[in-house]
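Using the numbering used here, the letters of the sequence shown map in sequence onto residues 296 to 446.
Because the hints were derived from the structure by calculation, they are not lab data. Among the hints, erroneous ones may be present.
Label pairs and their calculated CB-CB ranges [stated by the list, open to error]: (1) Leu311 to Arg438: 50 to 56 Å; (2) Arg414 to Lys369: 19 to 25 Å; (3) Ile431 to Ser371: 17 to 23 Å; (4) Tyr310 to Lys359: 49 to 55 Å; (5) Ser371 to Ser443: 29 to 35 Å; (6) Lys388 to Ile357: 45 to 51 Å; (7) Leu313 to Arg438: 46 to 52 Å; (8) Ile317 to Ile357: 37 to 43 Å; (9) Tyr318 to Lys369: 55 to 61 Å.
Quick reminder that beta carbons are idealized off the backbone N, C-alpha and C, glycines included.
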Amino acid sequence: MYLNCKKIKSNFKFYLILVLFIYLLVNFNKTNLVFAGKFYSKIQKTDSSEKMFDSSQKEMEILKFQIDDLSKQKNSILKEIDQLEKNLLYHLKIKSKKNPNESERKSSALKFQIHFLKREKSLLKKQLYKIFLEQIDLEIKLRKILYSFKN
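Let the sequences and hints guide you as you build the complete structure.
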């Protein structure tokens with residue numbers, strides 16, 4: 296049983312180099328070219344940056360969903376305001392056609408309805424303003440996240 300030492304040393308070196316090459320291939324930070332507008336840029340991918348990218352994409356999706364939800368709320372409030380304006384116009388027409396023989400009770404009820412509709416309209420406009428502000432705030436957050444990806 297005679298073993299050739301030169302053959303063992305050369306095989307050992309070959310396998311060692313092969314293992315090191317595979318290790319470096321797997322664990323080396325990979326760079327990818329990413330198209331960003333007119334320019335290509337290199338982004339180094341690491342596990343932490345991929346996790347950060349995934350979490351920020353989830354955050355972007357949540358923000359987009361919230362913005363869509365706010366726009367739906369805004370549309371429903373606008374429809375409600377339109378209905379209130381139509382109702383208010385109807386009551387104002389009734390008030391303008393008022394008979395002098397009508398009772399004081401009916402006229403005071405009509406005044407109360409008009410006052411209530413105006414108040415409800417102003418409350419809806421305030422709510423609409425708050426939704427606009429919240430939507431703008433979410434859009435700014437979304438732009439900041441998108442801007443952080445560009446840099």
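Hint by hint, here is what the structure shows:
Range check, Leu311 to Arg438: about 52 Å between beta-carbon atoms, so the 50 to 56 Å window is met. Separation of Arg414 from Lys369 is about 20 Å and conforms to the stated range, judged on CB atoms against 19 to 25 Å. Separation of Ile431 from Ser371 is about 19 Å and conforms to the stated range, judged on CB atoms against 17 to 23 Å. With their beta carbons about 52 Å apart, Tyr310 and Lys359 fall inside the hinted range of 49 to 55 Å.
Distance hint check for Ser371 and Ser443: the Cβ-Cβ separation is about 33 Å, which falls inside the suggested range of 29 to 35 Å. The hinted range of 45 to 51 Å is satisfied by Lys388 and Ile357, whose Cβ atoms lie roughly 47 Å apart. Checked against the hint of 46 to 52 Å, the C-beta distance between Leu313 and Arg438 comes to roughly 49 Å, which is consistent with it. Our hint of 37 to 43 Å for Ile317 and Ile357 holds, since their Cβ atoms are close to 40 Å apart.
In this structure the supplied range 55 to 61 Å holds for Tyr318 paired with Lys369, their Cβ-Cβ distance being about 56 Å.
Violated hints for the displayed structure: none, as all numbered hints are satisfied.
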